[in-house]
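Novice: Here are the chains, one letter per residue:
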Amino acid sequence: MDRRTFLTAGLGLGTLCVAGSVQAAWPKEAFEAQESNALIDMLASSKPAPSDAITITAPDIAENGAVVPISVSTTLGDVTRISIVVEQNPLPLTSTYDLTADSVPYVSTRVKMLKTSNVVALVEAGGKSYSGVREVKVTIGGCGG
Amino acid sequence: MAGSMRVRAKEKNGIVTVKALITHPMETGLRKDEDGNIIPAHFIQEVTATVGDKVVFTANWGTGVSKNPYLSFKYKGSKGDIVTLSWTDNDGHSDSLEAEVK
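Quick note, the sequences are listed as chains A and B, same order.
For the first sequence, this note's numbering puts the final residue at 188, and the numbers step up evenly by one.
For the second sequence, this note's numbering puts the final residue at 206, and the numbers step up evenly by one.
One or more of the hints may lead you astray.
Taking CB as the label site, the calculated pair distances span [to be verified]:
1) B:Ser198 to A:Gly120: 31 to 37 Å
2) B:Asp157 to A:Ala81: 34 to 40 Å
3) B:Arg135 to A:Gly169: 39 to 45 Å
Covered by chain B, according to a simulated footprint, are these stretches of chain A (three or more residues, beta-carbon under 8 Å) [unchecked claim]:
4) 69–79
5) 146–159
Think of the hints as simulated: they come from the structure by calculation, not from any bench.
A quick note: this is a predicted structure, and the numbers were derived from the prediction, not measured.
Virtual Cβ for every residue (Gly too), placed ideally from N, Cα, C.
Go ahead and model the full structure; you've got the sequences and the hints to work with.
Specialist: Set out below in structure tokens:
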């Protein structure tokens with residue numbers, strides 16, 4: 044009701060004002076955050092509720108951390124955003140996906156993983172936040188350096 | 105950056121599955137070259153999919169997405185739709201490609 048609602052409203056307005064600039068919606072602060080809980084707070088509209096309705100498809104053991112296939116799908120309705128967070132990465136937020144009324148709540152991509160980590164799928168559905176977690180073990184880290 | 109993308113889109117039961125491969129280094133900005141100099145971050149930030157003039161899906165990417173990224177998503181559509189996929193990176197490069205839904 045409070046601060047968060049106000050911020051979200053402000054953000055919406057901000058996005059409207061600069062419509063046309065594609066970079067505007069890119070959540071810079073969340074991508075630069077080094078701590079996964081902090082960035083989840085930035086992205087989530089409410090405290091994420093753990094949900095069984097979120098399915099994360101990933102290998103149990105990834106031999107090559109540079110290329111780890113991750114798919115997220117959910118049976119939750121009215122999904123507006125899916126984010127994929129690798130907790131142990133130097134920059135944990137890998138990607139966020141904005142869905143529309145035409146979307147089916149599914150996304151698949153490949154991410155880098157520095158080491159064994161929980162992979163968190165953060166889903167915004169019907170104005171609430173939900174999360175699913177899956178651990179992926181990594182034998183060779185993939186962030187380089 | 106022309107020719108950086110391969111896109112396939114296929115309809116089944118009213119659901120279109122789009123699969124895309126993009127050629128891009130996706131540099132994190134954390135790696136160093138042989139001389140110890142940091143290689144600057146160079147990564148795709150946004151991928152949008154439009155059908156007609158309607159945006160159906162947007163991906164916002166950070167440096168944690170793998171080199172030569174793969175992306176797949178689904179939307180409610182039909183055969184013959186023209187899906188346009190466009191990406192923009194942090195250096196301002198971009199590319200786009202149209203694919204007909206089979």
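Novice: Now, for every hint given, state plainly whether the structure supports it.
Specialist: Results for each hint:
1. B:Ser198 to A:Gly120: 31 to 37 Å: The hint (31 to 37 Å, Cβ to Cβ) holds, given that Ser198 of chain B and Gly120 of chain A are roughly 34 Å apart.
2. B:Asp157 to A:Ala81: 34 to 40 Å: holds, 37 Å
3. B:Arg135 to A:Gly169: 39 to 45 Å: Holds: the Cβ-Cβ distance is about 40 Å, inside 39 to 45 Å.
4. 69–79: holds (count 3)
5. 146–159: holds (count 9)
Against the hints set out earlier in the document, no violation occurs for any number.
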